[in-house]
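My request is simple: use the sequences and hints to build the entire structure.
Heads up: the sequence lines are chains A and B, in that order.
Take the first sequence: its position 108, counted from the start at 1, is 108 in this note's numbering, and no numbers get skipped.
Take the second sequence: its position 227, counted from the start at 1, is 227 in this note's numbering, and no numbers get skipped.
There's no promise every hint is true.
Stated by the list, open to error - Here are the computed lysine-lysine pairs in the BS3-like style, where the Cα-Cα straight-line distance is at most 30 Å: (1) A:K245 - B:K342; (2) B:K109 - A:K113; (3) B:K83 - A:K113; (4) A:K132 - B:K342; (5) B:K342 - A:K260; (6) A:K260 - B:K55; (7) B:K132 - A:K29; (8) B:K95 - A:K260; (9) B:K132 - A:K247; (10) B:K83 - A:K245; (11) B:K179 - A:K247; (12) B:K2 - A:K260; (13) B:K179 - A:K260; (14) A:K245 - B:K132; (15) A:K245 - B:K298.
Stated by the list, open to error - Derived CB-CB ranges, DEER-like: (16) A:D80 - B:D107: 19 to 29 Å; (17) B:N92 - A:D80: 43 to 53 Å; (18) B:N227 - A:T63: 30 to 40 Å; (19) A:E202 - B:E228: 53 to 63 Å; (20) B:G157 - A:K260: 20 to 30 Å; (21) A:Y23 - B:Y154: 54 to 64 Å; (22) A:D80 - B:K69: 49 to 59 Å; (23) A:G228 - B:Q145: 35 to 45 Å; (24) B:P161 - A:N55: 18 to 28 Å.
Note that these hints are calculated values from the structure, not bench results.
Yeah, the Cβ is synthetic: ideal placement off N, Cα and C, and Gly gets one too.
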Amino acid sequence: MSIFIERSTKVLIQGITGKEGSYWTKHMKEMGTQIVAGVTPGKAGQQVESIPVFNTVRQAVNTYDVDASMLFVPPRFTKDAVLEALDSGVKKIVTVADGIPLHDAIQIRQEAKKAGAYVVGGNTSGVISPGKAMMGFFPYWIKRVYKPGRIGIMTRSGSLTNEVTAMVVKTGYGVSTLIGVGGDPVPGTRFAEMLPFYQADEETDAVVIIGELGGTMEEEVAEAIQNGTFTKPLVAFLGGRTAPKGKRMGHAGAIVSGGKGSVEDKIKALESAGALVAKKPSLVGQLLNRCIKEERFDDKRC
Amino acid sequence: MKLFEYQAKEVFKEAGIPIPEGHLINELSQLDDAVRQVGLPCVLKSQVLQGGRGKAGLIQLVETLDEAKDKAEEIFNSAYHVKQILVERAVNIEKELYLSVTVDPVDSKALIIACEEGGIDIEALAVTSPEKIIKEPIDINLGIQGFNSRNIAYNLGLDTPYAKQVIPIVQKLYTVFRKYDAELVEINPLFITQEGHVVAGDGKLIIDDNASYRQTTYEKTSAYYDNEVEYEAALEGIPYIQFDGDISLMCAGAGLTTTVYDLIHYAGGTVANYLEFGGPNYRKAEKAMSLCLKNESKVILIVTFGTIARADVMAEGVVNAIAKLKPDRPIVACIRGTNEEKAVELLQEAGLECLFDTEEAVQRAVEIAQGGMVS
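What follows is the structure in C-alpha cells.
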C-alpha cells in the first residue's frame, strides 16, 4: 500500500474544466487514478473525460464519496478553493498553483491543521505513486524517472526531481510514493509531517529528500531522525550549497534569511542525525546503495 | 518587493506610527529647503535598498548646513548610486528597541518579534542571546488581540508610560503587515526619545511579490533592481540574477538551475547569470537568450528537465533563437523531459549536440569558459 494516494483513492478535481485541469485529468485517469467528480462553478452538468462536473464541492461530496481533492485553480483563488474543500470535510488536498500569496498560504496551512487535513503544495507537481495513481502533473511516461519501486521521495522542486529521480532509477531502484511539498516559503505540508507515513509504509525501504536552501524543513527531518520518529535510511540532495547569502534562488522559499536556511546548516543537521547527503545528483543512487546494504548487513543506520 | 525607507515611513505615517519629521530630496539643490524645514542637527539617510548603510557611510548626522552640503555631496557622488536622500530631524535618543512582524512557516502564524536592544543585528542576537528576543505568535485568521500587544510591550521591561505608547504601535505595525501582504515589516531601531516619545527610527517593509496583483500602491520600477538586465528580465517575468562570471545559465526550474549553479562552482567555473526559462516562460527561449547575450559571458549553458515545459518546444525555441540572434559564443545544450527524442532531433538538425547528462554538460561549459576546446 502506498501513501497519500493509491489506486482506491477517490479523487475530486477542482478546476476540472480549465485547460490544465482537463488535460491532466485525462492523464491522471489514464495512469489509473480513480477520479470520481469535478468542480467548476457555473459548469455543472458538463462532463470532462466522462467525469461529472458540479458547481460546488459540497454538491460533489453529497453525490460521491471523495477521499482527496486535486486543485487546478489559479493562485489568487487557491485559498478560497482549499477552504471550500476543507469545509466539505476533504482531508487530503493537493494544490499545484505557483504564486499563492504568502498570507493566503499561512491561512491555508492554519485551517488545514485545525481540520486535521493535509494540504500538499502549492508550487509543486503534486503526488505520485508510479504505476498506481497520481494527483498532479508528473511526466509518468518517462520510464527512466517514474519507475515503480521501493524508494520514497520528497521534494521541494519539480525539474530537479526529474534529475535526481532519474539517478535513483539508474542505480536500479524505483519510486514508491513521491510527494512534492513545493517551493514556497510556507508549504501546506512540510517534509517532517510526511515522514511518519513513509515510516509506516511497508512498500518503502528508504527515503530520498530533495531540498534546497531556505527555511528549516531539512532540519526538521534531521530532528525526526534524531528523536526516533523516522528510522529508515535517508539520503538527501540539497541545492544551493554555493548560493550567495540574501539572494532568492528561483523559488520564493529558496533564500537564506533570518539567519536560517543555509545549506551548510542543513547538511550539518542531517549528517549528525545519521542521514547521508549527496553532493551531486549522480551520487544519490550510490549513497542509497551504501545505506540500504549497511542496513541489511549490520542493521546499522547510514 | 522591498520598499525604500522613505516609503516604509510613508506607510507608517498613514498607519499612525510616529516617525521623525523628514523630507526627501532628489538633488543637492533641494537640501537647503529640506534642512530648514526639519531643523538642525539632522540626519542624511541615503535611500538605497541594501542593508548596513551606517557602516557604508550612507547615513550621516550633521550639525550645520555647510556640513550637510558636504556630506550630501559625498553621498550623491559615492559608488552606491544614491538617487535620493531622506533628510530627517535628529532624535535625542534615550533608548532603542526592536520591533517587527514576520511569518512563522512552521506554526503558520504571523510572528511579532521585539527586543529591548534596538539598532542591533537581530539575526546575530538570535544566535548569541536568544533569551533577549520576545516573540508573540498571531493566528492571522483571528487577528491581533489586545493581549498580544500587551504581552510585547510589558515584556520589554518598559516604564508604563512608554509601554502605553508601544502597545498601539504594535497593533498598527501588525495592521501594516496584513494590509500590505508583508513578508516582513520592521522598525529597527524604535526610539524612545529623551522627551519621552516613541518614534520609528528606521523602516523596512518587504511586500510579497505573489500578492502584487492586490498590492498596487508601489510599482516596481527599475530603481528596485541592481542592474538594467535584471529589470528587463523582471518585466518579462523571467527569474534572473546577475553574477558577472563566465557561464550564462539558461535553465528550466528553480531547483535544477540552482543545482547547475552549484555544479559549475564545484567544477571550478563561475556563473555570469542565473536565468530560468521554464514554467510559464518555456516559450521564451529567444528573450532568455537575448538577456544572456547582454552579459560578457563566454558560453551559454542550457539545462532543462521539464514536464509541462516540453523539451521539444524548448529545443525549437532555442534553435529559432540561435537563427535569429546569431550568438557570438558557444552554446551547450542538455534538454530533457516530455518529448525529449524530438528535442534531440531538432537540436541535431541545427548542428547542436544534445547532451543528456547534467554533470557532463556542466563540465563541457566550464572547459569552454576556461579556454578549452569548443566542440
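Straight-line alpha-carbon gap A:K132 to B:K342, limit 30 Å
28 Å, holds
State, for the Cβ atoms of B:N92 and A:D80, whether the hinted interval 43 to 53 Å holds or is violated.
50 Å, holds
When you check the alpha-carbon spacing of B:K342 and A:K260, does it fall within 30 Å?
43 Å, violated
Under the criterion that the straight-line Cα-Cα distance not exceed 30 Å, is the pair A:K245, B:K342 satisfied?
39 Å, violated
Is it true that A:Y23 and B:Y154 lie within 54 to 64 Å of each other by Cβ?
Cβ of A:Y23 to Cβ of B:Y154: about 57 Å, so the range 54 to 64 Å holds.
Is it true that the CA of B:K83 sits at most 30 Å from the CA of A:K113?
Status violated; Cα separation ~47 Å.
Distance restraint between B:K95 and A:K260, which requires alpha-carbon spacing of 30 Å or less:
28 Å, holds
Are the Cα atoms of B:K179 and A:K260 separated by 30 Å or less?
Given that 30 Å is the threshold and the Cα spacing comes to 26 Å, the pair holds.
Would you check the hint for B:K83 and A:K245, treating anything up to 30 Å between C-alpha atoms as holding?
25 Å, holds
Could you check the hint for me, namely that A:D80 and B:D107 are 19 to 29 Å apart, CB to CB?
23 Å, holds
Just tell me: holds or violated, for the beta carbon distance of B:G157 and A:K260 against 20 to 30 Å?
For B:G157 and A:K260 the Cβ distance comes to about 27 Å; the hint holds.
Pairwise hint evaluation, B:K298 against A:K245, where the allowed Cα distance is 30 Å at most
25 Å, holds
Hint check: violations occur at hints 1, 3, 5, 7, 18 and 24; the rest are consistent with the structure.
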